[in-house]
Amino acid sequence: EAGVTQSPTHLIKTRGQQATLRCSPISGHTSVYWYQQALGLGLQFLLWYDEGEERNRGNFPPRFSGRQFPNYSSELNVNALELEDSALYLCASSLGWQSTGELFFGEGSRLTVL
Amino acid sequence: GENVEQHPSTLSVQEGDSAVIKCTYSDSASNYFPWYKQELGKRPQLIIDIRSNVGEKKDQRIAVTLNKTAKHFSLHITETQPEDSAVYFCAATASGSARQLTFGSGTQLTVLP
Chain B
1 EAGVTQSPTH LIKTRGQQAT LRCSPISGHT SVYWYQQALG LGLQFLLWYD EGEERNRGNF
61 PPRFSGRQFP NYSSELNVNA LELEDSALYL CASSLGWQST GELFFGEGSR LTVL
Chain R
1 GENVEQHPST LSVQEGDSAV IKCTYSDSAS NYFPWYKQEL GKRPQLIIDI RSNVGEKKDQ
61 RIAVTLNKTA KHFSLHITET QPEDSAVYFC AATASGSARQ LTFGSGTQLT VLP
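Protein sequences, first through last, are from chains B and R. With the first letter of the first sequence counted as 1, position 36 gets the number 36 in our numbering; the numbers rise by one all the way through. With the first letter of the second sequence counted as 1, position 58 gets the number 58 in our numbering; the numbers rise by one all the way through.
For the record, the hints were derived by calculation from the structure and aren't laboratory data. In this text the structure is predicted, and so the values were computed from the model without any measurement. Keep in mind that the hints are not guaranteed to be accurate.
[As the list claims (entries may be wrong)] The following label-pair restraints were derived from C-beta to C-beta distances:
id, chain 1, residue 1, chain 2, residue 2, range
1, B, Glu82, R, Thr69, 38 to 46 Å
2, B, Ser86, R, Lys42, 15 to 23 Å
3, R, Glu79, B, Gln17, 25 to 33 Å
4, B, Gly40, R, Lys57, 39 to 47 Å
5, B, Arg57, R, Leu46, 39 to 47 Å
6, B, Ile12, R, Gln45, 21 to 29 Å
7, B, Gln17, R, Thr78, 46 to 54 Å
8, R, Lys57, B, Phe60, 31 to 39 Å
9, B, Leu83, R, Gln60, 41 to 49 Å
10, B, Phe69, R, Gly16, 45 to 53 Å
11, B, Gly52, R, Gln45, 41 to 49 Å
12, B, Glu82, R, Lys58, 38 to 46 Å
13, B, Gly40, R, Glu15, 19 to 27 Å
Glycine included, C-beta positions come from ideal geometry on N, C-alpha and C.
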């Protein structure tokens, strides 16, 4: 069974540009979560989607946005990139909002902002 | 919202010794506490979890304890091996499920041969 897949693996952008990251959850999972992992920091919650709807967002500015498609894959968009947006962006999926607990993470997309 | 603090940030132990990582949480309604392990360059993976109706849970060399009164929980690794070297994250949520997990800042565990 395929795990959570993310693309691209690495992405280099310059300040002010936009970045788009993509995530495909495990088959059958309807919930997708996005986390930011900056160097030396923990996992900061960004966004949670379930059944196509944004269910919750973390303490990030509105230039971080995303969506979930009918096939449950998801996209994270970061507009007006700033240097401090450089981080590993992890996507995770679970069976749904009533899932018993485990998050399954992807390998991440490393975004570098120059 | 929930706040999870994790200590220590780095921990070095000799192979065969035990390692203990501690976390505290702020929301007394939290009822689900997973631990994730992230090896260098790899994805975080769940290694053990505990719910608020249980005080301790073991799985081979790893165990987690929960003190609801004090609002803290700990990860214990016995007989550490080099492959235990990784970053460990604790997390907590009041949802009882995977959603709305708040993670700690992580502990870099190094097991010295």
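- [ ] List in ascending order the numbers of the hints, as given earlier, that are violated by the structure.
- [x] Violated: hints 3, 4, 5, 11.
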